[in-house]
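Make the full structure from the sequences, and use the hints.
Protein chains: 2
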Amino acid sequence: MKLYSYWRSSCSWRVRIALELKGLSYEYVPVHLVKDGGEQNSESYRSLNPMRTVPMLELTEGGQVRRLSQSMAILEYLEERHASPALLPADPYLRARCRMLSEMVNSGIQPLQNLAVLQRIKGELKGDDKAWCAYWIDRGLTAFQASVQETAGTYCLGDAVSFADICLVPQLYGARRFGVDLAPYGLLTRIEAACASLPAFQAAHPDRQPDAQPA
Amino acid sequence: MKLYSYWRSSCSWRVRIALELKGLSYEYVPVHLVKDGGEQNSESYRSLNPMRTVPMLELTEGGQVRRLSQSMAILEYLEERHASPALLPADPYLRARCRMLSEMVNSGIQPLQNLAVLQRIKGELKGDDKAWCAYWIDRGLTAFQASVQETAGTYCLGDAVSFADICLVPQLYGARRFGVDLAPYGLLTRIEAACASLPAFQAAHPDRQPDAQPA
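Residue numbers (this note's numbering), protein chains in the order written: chain E, 1 to 215; chain X, 1 to 215.
Derived by calculation from the structure, the hints in this document are not laboratory data. Hints are not guaranteed to be accurate.
Residues of chain X clear of chain E, computed beta-carbon distances all greater than 10 angstroms [stated by the list, open to error]:
#, residue
1, Y45
2, L118
3, L182
4, A196
5, R208
Derived SDA-like pairs (lysine to any residue); straight-line CA-CA distance at most 25 angstroms [to be verified]:
#, chain 1, residue 1, chain 2, residue 2
6, X, K122, E, A131
7, X, K122, E, D128
8, E, K2, X, V29
9, X, K130, E, G23
10, E, K130, X, P206
11, E, K122, X, Y135
12, E, K122, X, D138
13, E, K122, X, K126
14, E, K130, X, R120
15, E, K130, X, R52
16, E, K122, X, K22
17, E, K35, E, W7
18, E, K126, X, R139
19, X, K122, E, G123
20, X, K126, E, W7
21, E, K126, X, R52
22, E, K126, X, Y135
23, E, K22, X, P89
24, X, K122, E, D129
25, X, K35, E, Y135
26, X, K22, X, T189
27, X, K2, X, H205
28, E, K126, X, D129
29, E, K126, X, H205
30, E, K130, X, T189
Which residues of chain E face chain X? A few of them, derived with a C-beta cut under 8 angstroms, are [unchecked claim]:
#, residue
31, R81
32, P85
33, R95
34, G108
All residues carry an ideal CB built from backbone N, CA and C; glycine is no exception.
So this is what it looks like as structure tokens:
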């Protein structure tokens, strides 16, 4: 498998964590989202992924090269193909809560802080892109924390790592980047610390990627 | 089951379609997203759904009232609990393509056109909310159409209705509302027309909901 990724892309990071947790090896293909207007906007990348996003997973199935984008779709695919360790609970209601928490980040926060959106907020609308992000992150994390209380143990859903943790950890990193005060989110930062002690989360961290740039 | 919904919410509409396709009856609880600053922002609704969004599905499991928000999580839950008719293909790669297409709408377009975002674009940033929406919808539909070509039959994935159609149809309705020219999207409007002939899509249409408002 090849993973098209950018070190600081939170959605790429999600997939890296899942690949590490499931012990799947892959080739890392860096896509520089910023340099020269963004490699994702190049003719050649668009022909592979018309949405111009990372991550994209490339795999061979039945002798054919297949490509998947959208991190949640990739996570579900990995879960179906490589069941162990499970990253969704077994109980249907808890599975739904896990996906709900994941989507609070995936559709509720991240799309509003992604690079293409920030470029438009700043460029077209002359807005403060950092304040814009901070607003949506704060709003989303408040809801996430209120919701996760129902199921939290060591991780978001009891004592097993799941999609929800995989979405939460990169989002908290983004929150710090955009200057959000995380003091009100004690439960979330406690879960984050538990995840940070796991080798899979460490290996998937932006700073450990081949295309990482010095601070 | 109770569905907290707003007639014109595209995410509520997705869940209504799935409930209809699976033949599940439910009580409709209207949440007026606009009146008096939005009922979703009330103390009482926030205590049920901290994210302040519709749809929210309320159900009883093992004697307990359970609540789920986030349309994709709800769709997956309905699929797991009520398998027939299947709204995801059987093949793992096609399931992933189906979820990928769905997420291109769910996280790639809809979050940028939702009411809370438009209010901020217009209110704080004094931007043109309609032009903002049209830009993201156009960009997303272009990618969706390029991607769906791989699998399209009568519907997005061959000849069976799936999550991808459920996400596409309300998004096209939104595109028209925001003035997007759909002429370049012949494949998508052909799929939309096929869906529109199905009773489940008809019953779930905004105009058929109890809280629908005259044009």
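Hints and how they fare:
no., hint, verdict
1, Y45, "12 angstroms, holds"
2, L118, "12 angstroms, holds"
3, L182, "17 angstroms, holds"
4, A196, "25 angstroms, holds"
5, R208, "26 angstroms, holds"
6, X:K122 - E:A131, "16 angstroms, holds"
7, X:K122 - E:D128, "14 angstroms, holds"
8, E:K2 - X:V29, "46 angstroms, violated"
9, X:K130 - E:G23, "46 angstroms, violated"
10, E:K130 - X:P206, "36 angstroms, violated"
11, E:K122 - X:Y135, "15 angstroms, holds"
12, E:K122 - X:D138, "20 angstroms, holds"
13, E:K122 - X:K126, "13 angstroms, holds"
14, E:K130 - X:R120, "14 angstroms, holds"
15, E:K130 - X:R52, "23 angstroms, holds"
16, E:K122 - X:K22, "44 angstroms, violated"
17, E:K35 - E:W7, "13 angstroms, holds"
18, E:K126 - X:R139, "21 angstroms, holds"
19, X:K122 - E:G123, "16 angstroms, holds"
20, X:K126 - E:W7, "34 angstroms, violated"
21, E:K126 - X:R52, "28 angstroms, violated"
22, E:K126 - X:Y135, "17 angstroms, holds"
23, E:K22 - X:P89, "24 angstroms, holds"
24, X:K122 - E:D129, "15 angstroms, holds"
25, X:K35 - E:Y135, "23 angstroms, holds"
26, X:K22 - X:T189, "24 angstroms, holds"
27, X:K2 - X:H205, "18 angstroms, holds"
28, E:K126 - X:D129, "14 angstroms, holds"
29, E:K126 - X:H205, "38 angstroms, violated"
30, E:K130 - X:T189, "38 angstroms, violated"
31, R81, "6 angstroms, holds"
32, P85, "18 angstroms, violated"
33, R95, "7 angstroms, holds"
34, G108, "6 angstroms, holds"
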